[in-house]
Amino acid sequence: MVVRADAISGLDQTSFPSEAVVLVVEVVSPESEERDRKRKPQLYAEAGIKHFWRVEKEDGAAVVYVYELDPATKAYVANGVHRERLKLPVPFDIDIDLTEIDRM
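Number 45 in the working numbering belongs to position 45 of the sequence shown; there are no gaps in the numbering.
Simulated from the structure, these hints should not be mistaken for lab results.
From a predicted model like this one, the values you see are computed outputs, not experimental measurements.
All C-beta atoms, glycine included, are put in the ideal place defined by N, C-alpha and C.
A portion of the hints provided could be inaccurate.
[What the hints assert, rightly or not] As a list, the in silico DSS-like pairs of lysine-lysine whose alpha-carbon atoms are at most 25 Å apart:
no., residue 1, residue 2
1, K40, K57
2, K87, K40
3, K50, K74
4, K57, K87
5, K50, K87
6, K40, K50
7, K50, K38
8, K74, K40
[As the list claims (entries may be wrong)] Derived Cβ-Cβ restraints for the label pairs, each shown as a range:
no., residue 1, residue 2, range
9, G60, I8, 19 to 27 Å
10, D59, D12, 32 to 40 Å
11, R4, K74, 30 to 38 Å
12, E46, T14, 31 to 39 Å
13, I94, I8, 18 to 26 Å
14, D12, K74, 28 to 36 Å
15, A20, R83, 15 to 23 Å
16, L11, K74, 19 to 27 Å
17, E34, G60, 19 to 27 Å
18, K74, T99, 16 to 24 Å
19, R35, D102, 32 to 40 Å
20, E84, S29, 19 to 27 Å
21, I94, D12, 37 to 45 Å
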């Protein structure tokens, strides 16, 4: 989760108001695939969190699914699937070489 700096009150803080959340990243695990792919994104969208990334394993490598909230429908719209490089201008400039991540 990425939150605005002004929303952080201390190092032991464990929750944040949804309007302070810039991005949620969910790593799908075998034990919670359905919840990670369906229920959690639905909850994040209902809370109005604009950016959501889902990280999964594909042939031992990281794959990042990028979604952006459609304010009219309050649902996420797919904005890309990244397998080798995650390079985006929103919600902030980021460039990650996914091939450098250790095998999952």
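Find the hints from earlier in the document that the structure breaks and name them by number, from lowest to highest.
Of the numbered hints, 9, 11, 12, 15, 16, 18, 19 and 21 do not hold.
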